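Chemist: Since the structure of chain A is provided, determine the placement of chain B on it from the hints.
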Amino acid sequence: MSKKRIIVVGNGMVGHNFLATMAESEHASEFELITFSEEPRLAYDRVQLSKYFSGATADDLALTTEAEYDDSGITYLKNEKVVSIDADSKTITTSSGRIEGYDKLILATGSYPFVPPIPGKDQEHCLVYRTIEDLEDITASAKVSKTGVVVGGGLLGLEAANALKAAGLETHVVEFAPRLMAVQLDEGGGKLLRRKIEALGVSVHTEKNTTEIVAGEECRYRMNFADGSFLETDMILFSAGIRPQDELAREFGIDIGPRGGIVVNDYCQTSAEDIYAIGECALWGGMIYGLVAPGYQMAKVVANHITDTLVKLETPALSFEGADMSTKLKLLGVDVASIGDAHARTAGAQSFVFSDDIEEVYKRLIVSADGKKLLGAVLVGDTEAYGTLLQLMLNDMDIPGNPASLILPAMGDEEPVGLGVSALPDTAQICSCFDVSKGDIAAAVQGGCCTMGDVKDATKAATGCGGCAALTKQVMDAELESLGVEVNNDICEHFAYTRVELADIIRVKGYSTFKEVVEGHGKGHGCEICKPTIGSILASFNNEYVLKDDLMPLQDTNDIFLGNMQKDGTYSVVPRVPGGEITPDKLIAIGEVAKEFDLYTKITGGQRIDLFGAQLHELPKIWEKLIAAGLETGHAYGKSLRTVKSCVGSTWCRYGVLDSVSMAIALENRYKGLRSPHKIKFAVSGCTRECAEAQSKDIGVIATETGWSLYVCGNGGMRPRHADLFATELDDDTLIKYIDRVLMFYVRTADKLQRTSVWMENLEGGLDYLKEVVIDDKLGVCDELENDMTRVVSTYQCEWKTTVESPEKLKRFSHFINAAEEDNNLLYVRERGQRRPATELERIELVELNEKR
Amino acid sequence: MTDWTNVCALSDLVPDTGVCALVEGKQVAVFRYGDGETIYAISNYDPFGKANVLSRGIVGSIGERPVVASPLYKQHFDLSNGECLEDDNVSVEYFPVRVENGVVQITSAVTA
Chain A
1 MSKKRIIVVG NGMVGHNFLA TMAESEHASE FELITFSEEP RLAYDRVQLS
51 KYFSGATADD LALTTEAEYD DSGITYLKNE KVVSIDADSK TITTSSGRIE
101 GYDKLILATG SYPFVPPIPG KDQEHCLVYR TIEDLEDITA SAKVSKTGVV
151 VGGGLLGLEA ANALKAAGLE THVVEFAPRL MAVQLDEGGG KLLRRKIEAL
201 GVSVHTEKNT TEIVAGEECR YRMNFADGSF LETDMILFSA GIRPQDELAR
251 EFGIDIGPRG GIVVNDYCQT SAEDIYAIGE CALWGGMIYG LVAPGYQMAK
301 VVANHITDTL VKLETPALSF EGADMSTKLK LLGVDVASIG DAHARTAGAQ
351 SFVFSDDIEE VYKRLIVSAD GKKLLGAVLV GDTEAYGTLL QLMLNDMDIP
401 GNPASLILPA MGDEEPVGLG VSALPDTAQI CSCFDVSKGD IAAAVQGGCC
451 TMGDVKDATK AATGCGGCAA LTKQVMDAEL ESLGVEVNND ICEHFAYTRV
501 ELADIIRVKG YSTFKEVVEG HGKGHGCEIC KPTIGSILAS FNNEYVLKDD
551 LMPLQDTNDI FLGNMQKDGT YSVVPRVPGG EITPDKLIAI GEVAKEFDLY
601 TKITGGQRID LFGAQLHELP KIWEKLIAAG LETGHAYGKS LRTVKSCVGS
651 TWCRYGVLDS VSMAIALENR YKGLRSPHKI KFAVSGCTRE CAEAQSKDIG
701 VIATETGWSL YVCGNGGMRP RHADLFATEL DDDTLIKYID RVLMFYVRTA
751 DKLQRTSVWM ENLEGGLDYL KEVVIDDKLG VCDELENDMT RVVSTYQCEW
801 KTTVESPEKL KRFSHFINAA EEDNNLLYVR ERGQRRPATE LERIELVELN
851 EKR
Chain B
1 MTDWTNVCAL SDLVPDTGVC ALVEGKQVAV FRYGDGETIY AISNYDPFGK
51 ANVLSRGIVG SIGERPVVAS PLYKQHFDLS NGECLEDDNV SVEYFPVRVE
101 NGVVQITSAV TA
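Chains A and B supply the protein sequences, listed in that same order. Residues in the first sequence are numbered consecutively from 1, following this note's numbering. Residues in the second sequence are numbered consecutively from 1, following this note's numbering.
Looking at chain A on its own, in the form it has when it is part of the complex:
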């Protein structure tokens, strides 16, 4: 059977989602997938578009890459608009004259911004907010403007206002309706949102009907309003709603709704045979769904319909049944949520309102006439209850207790009334971005997932907008509990605490020895789990010499002799090379030491040099020479800062924007010696070409024209993780301040041997929470974090220097305490001009040879 050809018109979020679903399906081999995009790039995340203004690049927003499409066998044509459909011959024609036949045609053409027909709307600095190209135009226009106006006070309009504000413009929002976000919010919610937004410096003008745009006196333009007032501005952004992009369907005889939109049935089929429509261009039940989740649902329905009817020859299992339009988001930093019937339009609906002008919180519940069911809600300023309320409404559950308690703040010790996740049915949708149900999460836990990281990997839950992270964790915990998996986070048999709890105890009590900790809070004699953990915590906070008598027994294999133990019990030696910059003299000194002690020499991935095969008694001699040459310990043996990799940066490179080497050296010298839950790697790139690969490091710094961009919690190695963009346009001082705080917060709150990447995956609230803690100081701990770091920085010592100067400590650096002999078990062979440990077979041969002699 030849492959069925499926053509997708439009490569937006929904079109892409459909293609990805098809390409990942078990029947993928039955289909040939082709997509056309009129945009110059493949699908990107339009929901996160505003991040473009806080430094995200088009690549960051991309949902896929050409390589990914190539791998999946998806044919893509960019800048190629489909201009005609011939439903009889089942072909389409593109703008370049290309004709392609199809078995199934999917219209995923999306929508376009509605621009009200105002005279003067087509001028140069009158723009819209929809595509990356639009954002480029806005950026260019903002550079030559001082004032900007957004027409439209809805969800997208406020996002656009945020963009203008971020670009440094005096920003206004002009809305036709009497309040902001008129679709989602009631009067009370709209009023508070307005107050909060105005406090941020954005002027809001409601009930304004723009009649014309003419030349201004102070600014480029003047907007005249129907009430006789006017507003001057240099640029105008239209964000007054969307209209379905149905032109193609309309022109070629497919049924269109009276106010636009391609009419579809429950399988998203249009009036023309074998043609479907999904996403914002589709009109289902008289409604256009302008959110991404319903679009994804439609994509799923169509993928299912095609597979079931073409391959399995069954009745399609899925149909589109409408979608909930509840939303929760942060607009200009203000938390806003709207659930269900926010306007109390249901007959007999009652409501509860909580309004707190001091804390700036507004919450309204809409309940059924009998007060038992939740119909809708509006939340502004505090959206904590969103997950619970949404589930109550979606699952038509009875409200537990007094409805008012759902929105009243907790008083005193009272626990806020929540919804036990056990009350939710298995079908309850927890993650709307990826349509993950409670049952899916439970199944993943039954399949062996026991951390948030596992669950995210297995189900994709909480990996889209992240709004369901807290609820997902609750479902996971409840499921673990019901499975009888006692979630035992004790670090070992000696301490009934987690690493985080131990860190808190040690910090608050000010302990400095293991003895104090075990006598006060543990039992037994300790072990190889708790001792290094506590040793590391003590070092993080007190930063004392790790070989001090009462700290030495806590040090793990490598720390206890300040070297990396190799398989035969010898050590490798790594001097610090800050930023990877080294003078020829130091390079020669390292070479001479390696030659003298016959050390196997290798360049590391972190831009330094590793010398292998040093015996205990040789270590002090080696370090005396290295220290004399001006080198320091590289802490390659410690769970601590390893290297700060850098590219050569603006001092030499033709493309360099900032001096990445100087920054790398400064950072490495600042954080060297910091003991942490696991090793930490940094990198600094001098421009966005990113030669230092900073986005795969725990802390990554990339130079841009407008300052440093800070990335956090990346990882290479076994489980690669792309770092998250944390902040942009930073000056040197702010960059270091943020890194101080992020690292110390990690030191305080990570589990033992948990890299920053896994820490982030498991951090409740994720990146946004980390930003709130570090940038907004939500927990009020930033001063403490900085002081802790300052203490570590100011008490730095080269541990090897201290050791070689201490005769008492040097006694331990010999193989035997009572003899000068060396370990007779060490055997080496030479390979490529250097020595390496003999293999088992070689050992036997060498021993025989020696015996014959």
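Derived by calculation from the structure, the hints in this document are not laboratory data. Remember, it's a predicted structure, so these values are computed and weren't measured experimentally. Treat the hints with care, since some could be wrong.
With a straight-line Cα cutoff of 27 Å, these simulated DSS-like cross-link-like pairs (lysine-lysine) come out [claimed, not checked]:
#1 K809/A <-> K567/A
#2 K801/A <-> K679/A
#3 K595/A <-> K621/A
#4 K852/A <-> K74/B
#5 K567/A <-> K74/B
#6 K330/A <-> K74/B
#7 K330/A <-> K771/A
#8 K50/B <-> K567/A
Modeler: Here is chain B on its own, set in the frame of chain A:
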């Protein structure tokens, strides 16, 4: 009569750490358990990692048993009798120890 070899002064041993001593040609890992006079001695050879490293492991307890964890792959050995806690079939030699006038003494009299 047992031949005792003087190994080092008790004060040379940092509490809860080990050193390696050469006793009649054998490599012996000597541990000071706690900060008193409790001393243990077992072979320094790690039968899993096949290297002379046990004296460099972390000292601790599993249940009531005093143990050292191999610095290579972390198997535990009972300090009092050389038994491996992870593998019943594996044990290492252990040696009688005593402290006489502040001096740690070991004998290699066969025990295992």
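Chemist: Are the hints correct? Go through all of them and say.
Modeler: Taking the hints in turn, this is what the structure says about them:
The hinted pair formed by K809/A and K567/A meets the criterion: a straight-line CA distance of about 24 Å does not exceed 27 Å. Simply put, K801/A and K679/A have alpha-carbon atoms about 22 Å apart, close enough for the 27 Å limit, and the pair holds. Distance check on the hinted pair: K595/A and K621/A sit about 13 Å apart at the alpha-carbon level, within 27 Å; holds. For the proposed pair K852/A and K74/B, the alpha carbon gap of about 37 Å is over 27 Å, so the pair is violated.
Note on K567/A and K74/B: the hinted pairing holds, with a Cα-Cα distance of about 13 Å set against a maximum of 27 Å. Proximity of K330/A to K74/B is assessed by CA-CA distance (about 49 Å); at most 27 Å being required, the pair is judged violated. Of the pairs offered as hints, the one joining K330/A and K771/A holds, with about 14 Å between alpha carbons and a cut-off of 27 Å not exceeded. Only pairs whose Cα atoms come within 27 Å are accepted, and K50/B paired with K567/A is accepted, the gap being roughly 8 Å.
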